[in-house]
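Q: Residues per chain are reported as follows:
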Amino acid sequence: MEQIIQQLINGISLGSIYALIALGYTMVYGIINLINFAHGDIYMVGAYVGYALTTFFGLGFLPSLLLAMLTCSILGIIIEKVAYKPIRNSTRISALITAISVSLFLQYTMMYFVSPQTRTFPNVLKGSRITFLNGNVMLDTKNIYILAITVLLMVGLQYIVHKTKIGKSMRAASLDREAAQLMGVDVDKTISFTFAIGSALAGAAGVLVGVYYNTINPLMGTVPGLKAFVAAVLGGIGIIPGAMFGGFFLGMVETMVSAYGGSIIKDAVAFGILILVLLVKPNGLLGKTIKEKV
Amino acid sequence: MKKDKIIKIGLIVAIYILVQALINVGIIDSYLELNIIIIGINIILAVGLNLITGFTGQFSLGHAAFMSIGAYTSAVFTAKLGLPFILAIFASGVIAALAGILIGIPTLRLKGDYLAIATLGFGEIIRILALNTDYIGGAIGFNDIPKYTNWTWVYIMTVITVVVISRFNRSYHGRACAGIKEDEIAAEFMGVNTTYYKVLAFAIGSFFAGVAGSLYTNYFYFIKPDSFGFMKSIDILVIVVFGGMGSIPGSILGAIALSVISTFLQNIPELRMVIYSLILYGIMVYRPMGLMGKSEFKFKLKFKPELKKKGGRLNVSVNNK
Chain A
1 MEQIIQQLIN
11 GISLGSIYAL
21 IALGYTMVYG
31 IINLINFAHG
41 DIYMVGAYVG
51 YALTTFFGLG
61 FLPSLLLAML
71 TCSILGIIIE
81 KVAYKPIRNS
91 TRISALITAI
101 SVSLFLQYTM
111 MYFVSPQTRT
121 FPNVLKGSRI
131 TFLNGNVMLD
141 TKNIYILAIT
151 VLLMVGLQYI
161 VHKTKIGKSM
171 RAASLDREAA
181 QLMGVDVDKT
191 ISFTFAIGSA
201 LAGAAGVLVG
211 VYYNTINPLM
221 GTVPGLKAFV
231 AAVLGGIGII
241 PGAMFGGFFL
251 GMVETMVSAY
261 GGSIIKDAVA
271 FGILILVLLV
281 KPNGLLGKTI
291 KEKV
Chain B
1 MKKDKIIKIG
11 LIVAIYILVQ
21 ALINVGIIDS
31 YLELNIIIIG
41 INIILAVGLN
51 LITGFTGQFS
61 LGHAAFMSIG
71 AYTSAVFTAK
81 LGLPFILAIF
91 ASGVIAALAG
101 ILIGIPTLRL
111 KGDYLAIATL
121 GFGEIIRILA
131 LNTDYIGGAI
141 GFNDIPKYTN
151 WTWVYIMTVI
161 TVVVISRFNR
171 SYHGRACAGI
181 KEDEIAAEFM
191 GVNTTYYKVL
201 AFAIGSFFAG
211 VAGSLYTNYF
221 YFIKPDSFGF
231 MKSIDILVIV
241 VFGGMGSIPG
251 SILGAIALSV
261 ISTFLQNIPE
271 LRMVIYSLIL
281 YGIMVYRPMG
291 LMGKSEFKFK
301 LKFKPELKKK
311 GGRLNVSVNN
321 K
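These protein sequence lines are chains A and B, in that order. Sequential numbering from 1 applies to the first sequence in this note's numbering. Sequential numbering from 1 applies to the second sequence in this note's numbering.
Hints were generated in silico from the structure; no laboratory data involved. Check each hint, because a few of them may be wrong.
Computed footprint of chain A on chain B; a stretch qualifies when at least three of its residues, placed anywhere within it, have a C-beta under 8 Å from a C-beta of chain A [what the hints assert, rightly or not]:
#, stretch
1, 76–85
2, 97–110
3, 120–133
4, 268–277
5, 284–293
Rough simulated footprint, nothing fancy, chain B against chain A, three-plus residues with beta-carbon under 8 Å [to be verified]:
#, stretch
6, 84–95
7, 225–234
8, 276–287
Note that the Cβ used here is the ideal one computed from N, Cα and C, for glycine as well.
The shape of chain A in the complex, shown without the other chains (with noise of 0.2 Å):
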């Protein structure tokens, strides 16, 4: 019983960081239909920023979270403006491959620069740990921490989406661009400032993962974006809150494998769910279904 409820802590800290890398995904999927397999890596970019920030600048927790992620959504616009806008009416596969060489070219000019070796981040949330239940339970507050800042962001998240007037473009771009052109919304404005937010999740979540596990390297961005990807189809790719239901859900399943004795195989069961739910439910758990058109 301990154990169960150590592991859904663990499984809690490790959804919060998914989720928030799978908000991205779905966002840039919801309104341009892109995999953004760069995303990944801005979440890497992340990290480093943080590191930096807090290594060689001495900043605190909060300013270097919050500089990384505004660092990081300029990245996001950037890399909107320079790469995936040309490619934006061309075929599928070839916008595919342009956002795995956008992903390719973060990775390795990032480690032309700082090298490919493995950092230590420094412990910034210097937090004591909290014991129950005779001990065997152990709560970290930095647990505590992600879990606040991703349901802060998360809220703020929803707030600008459904409350505000760019959200509400987002909204309208996403069922129908062109639609959405027409009634005047500025789509060009709307998808960069999409890619902002999410890419500056994405930031939060690397400095979330440094000062969670502490390590960080230039291609620590491949696995956890591919999974944050699953999560985000696991949960209905476009939906906002299927991909943080699919986020925590992937985290928990994982850390459960992992304690009960399948860490080797804990990626092959991420890959197993996400094939089970794409045949029996192909748009998510929280999708609807689209009737297709002839």
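Once you've looked at the hints, dock chain B against the given chain A.
A: Below, chain B without anything else, positioned relative to chain A:
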């Protein structure tokens, strides 16, 4: 027509004899021969994937998985069981094709990006299974595989692949596959059994991926699951798109061009992937239809830019809102 055929066969034999002679004389050294063999393997992989993605319009991001199935089958057949190479090649192809059918039947109901993600997932699952199977070496890799692959084997297999797939494309079945690519629903109305042809294309593509895996294994002595990861699938897909979706000469040229590019980039290891990514980006932005567009084997190659036409697009209709 008959004259054309004779010229073609003559050309095929002439290329073989020329390269073999150059190898024997020593003008083609072992380094160059290695690159020629890599190009041959990449041609087999790319032409096979072209049948799935280029001709039938099914988006696969897991092609390297079938290559790994073939590679491990061949390794077990030659190193553990000591069977002849020809049998190993054939078995690799058949087992990869069976895996293709097994994976294809459930996933090919999906379309577009969803199919891409499902195949990606299967590729990762196969890689992780290989990592955790001790019989085939697990994460350490499979060692001491006899070296059978040489220019003759690679050339014969490449020619067989190209001939079989281009004949297939021009057959009744090939037209059914092309119909699925253009418009799946319309093809179904015309009486095409879409599931059957999608799985068939998948099985044939996987068969040749298995053959390529077998050739790869028996050239490099050593394989490990991570050689056949997600990035390998992407490399093959890039060759297909770079050469031109649905163009076999394109796939051949693409395989040659990208192998040459990566050989040159090996001189600057620290910037290799950065430049590679920029080249990819440049190709996708400036020539998204690929080098050869959709052109076929003809003595006069026609360049047909198919960018804006509907037929040039992948059939993805999941998001027809």
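Q: Now tell me, hint by hint, if it's right for this structure.
A: Going down the list of hints, with the structure as the test:
Counting residues of the stretch 76–85 of chain B whose CB falls under 8 Å from any CB of chain A gives 0; the rule of at least 3 is not met. Counting residues of the stretch 97–110 of chain B whose beta carbon lies closer than 8 Å to any beta carbon of chain A gives 4, which reaches the threshold of three, so the coverage claim holds. Beta-carbon proximity to chain A at under 8 Å applies to 9 residues in the stretch 120–133 of chain B; the threshold of 3 is reached and the given coverage holds. As drawn, the stretch 268–277 of chain B meets chain A at 7 residues by the rule of a beta-carbon pair under 8 Å; at three or more, the given contact holds.
Remark: the stretch 284–293 of chain B is confirmed as covered by chain A, as 3 of its residues place a Cβ nearer than 8 Å to a Cβ of that chain, reaching the required three. Remark: the stretch 84–95 of chain A is confirmed as covered by chain B, as 8 of its residues place a Cβ nearer than 8 Å to a Cβ of that chain, reaching the required three. With 4 residues having a Cβ less than 8 Å from any Cβ of chain B, the stretch 225–234 of chain A passes the three-residue criterion, so the hint holds. Interface restraint, the stretch 276–287 of chain A with chain B: holds (3 residues with C-beta to C-beta distance below 8 Å; minimum three).
Checked against the numbered hints listed earlier, the structure breaks hint 1 alone; every other hint is satisfied.
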